[in-house]
Amino acid sequence: MNYNWNWGIFFEASPEGTGTYADMLLSGLLWTIATALCSWIIAFFLGSLVGVMRTLPSKAANAVGTAYVELFRNIPLLVQMFLWYFVLPELLPQSLGNALKQLPNAPFYTGVVCLGFFTASRVAEQVRAGIQSLPRGQKMAGTAMGFTVAQTYRYVILPNAYRVILPPMTSEFLNNLKNTSVALTIGLLELTARARSMQEFSFQVFEAFTAATLIYVLVNLVVITAASFLERGVAVPGQR
Amino acid sequence: MTSTPMPAPTPSTPVTPPSQAPTDAGFQTGPLVDPAQAKVPGGTMIAIDAISKWYGDFQVLTNCTTKVSKGEVVVVCGPSGSGKSTLIKCVNALEPFQKGQITVADTKVMDKATNLPKLRSRVGMVFQHFELFPHLSITENLTIAQRKVLGRPKEDAQKRGLDLLARVGLSAHANKYPGQLSGGQQQRVAIARALAMNPIVMLFDEPTSALDPEMVGEVLDVMVELARDGMTMMVVTHEMGFARKVADRVIFMDRGEIVEDAKKEDFFGQPRSERAQQFLSKILQH
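Residue numbers (the UniProt record's numbering), protein chains in the order written: chain A, 1 to 240; chain B, 1 to 286.
Just to be clear, a hint being listed does not mean it is correct.
Label-pair ranges, simulated between beta-carbon atoms [claimed, not checked]:
no.	chain 1	residue 1	chain 2	residue 2	range
1	B	Pro153	A	Leu78	54 to 64 Å
2	A	Leu37	B	Gly151	53 to 63 Å
3	A	Leu91	B	Pro153	35 to 45 Å
4	B	Lys108	A	Val149	13 to 23 Å
Listed below are several chain B residues computed to face chain A (Cβ distance under 7 Å; list not exhaustive) [said to hold, decoys possible]:
no.	residue
5	Phe127
6	Gln278
7	Leu280
If you're looking for bench data, these hints aren't it; they were derived computationally from the structure.
As the structure is a prediction and not an experimental result, all values here were calculated from the model.
Using N, Cα and C, we set each Cβ at its ideal position, and we do this for glycine too.
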């Protein structure tokens, strides 16, 4: 293989005019983190709501929850990105569609919403599994004490269900973080997109993607460490 | 079943402050039942009127009718699968039923106008598997419903909860979590948790069935005391010793029907139905 290694490339000025290639990757990392965190907020709350709906006695709530999950987890994420970014503005009334297209940082907002809705369907399934793993008597005990359905979920079921699903939820968080790279297809300048442009400008493909890989792994390790602290922090004395 | 005889509680004795109560030192004197709640025996507390219940095509309860008067202790027994747990869960509508009506303290259970959470908050329930909330400390288990359902201030709820914890002899465990207690201790906490709501009636769904044999006594002792304090109780249990000691009436169920509903003396003396006689001869042999 005839390849011209140049690890010093990161400290050379990028053709963008401001800063080095390292700065370019760093700005990509910041967009990745911002997208991951914002979409996770949507995914967590919407996913919890949908997951809870699928455990309620109401048939209507069940149907809505099931429809949501099956819609959003059965369409490829890449296709969903395109639908949100290219198709949705055309379906809206013209003025609203134009406003969406002209929105500053539109790829970021679209990426956040798309990822949030997609990951929510996966979070919903985790939440449902967590709730259904609890003994049936817990719900009964809460109900028998006079809690409303909402109170039973708030004070009894969810605190226990979230503890049960903390490990798979960590995986979902990591998936969500890595899935931000799909948003490069709608023009979000996140880490992978930045590594690609570095490769196109400098032809140093190995250096660029080695750096991106290491950064992803490092960020994920930080998340895993934080999650294990969280797990220890919320562990209930005397359980298991 | 052997449970240690208890001295009759004296309502005037002040409750020991929880901080001074000895560790798991048996039971303190004083009433478990709020004197204001201990109703004069007489009027009807629970009226079960011709209820039937189906799971799909399978009928679990058939035309069950009985009533529990204020201050009365009624034991419900019968072979497994006879519907006794289902019946008791119908009383606070944990299980819906399709026909008939249950009235608790003049409130209809199956009625759209009934505020079920409010009704349930006045009906204490103790479960076979305790069902303490595992993520909450014992104190929080005792106070959460008082605060969130009854709206009691934190201090009042805590005082009431810790008083009752002392009454079941578990003050030293106030800051522990359910998983750190034995089954018998958990069930005593569960009884205290139900009593903390000042219930007008207590329902027990096989409260000793999930316990190791040596822990059955400590739970039954609390229940005996509760009965003697005048609490209205409906108890699903196989503990015939408990029934003999404190029950006023015994209901025998089989295949979803109330087969026998008799005064304790009559039930243990001369059950009218053959099925009840068979049941008794089986469980009393050992």
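### Task
Would you list, in rising numerical order, the hints stated earlier that this structure does not obey?
2, 3, 6, 7
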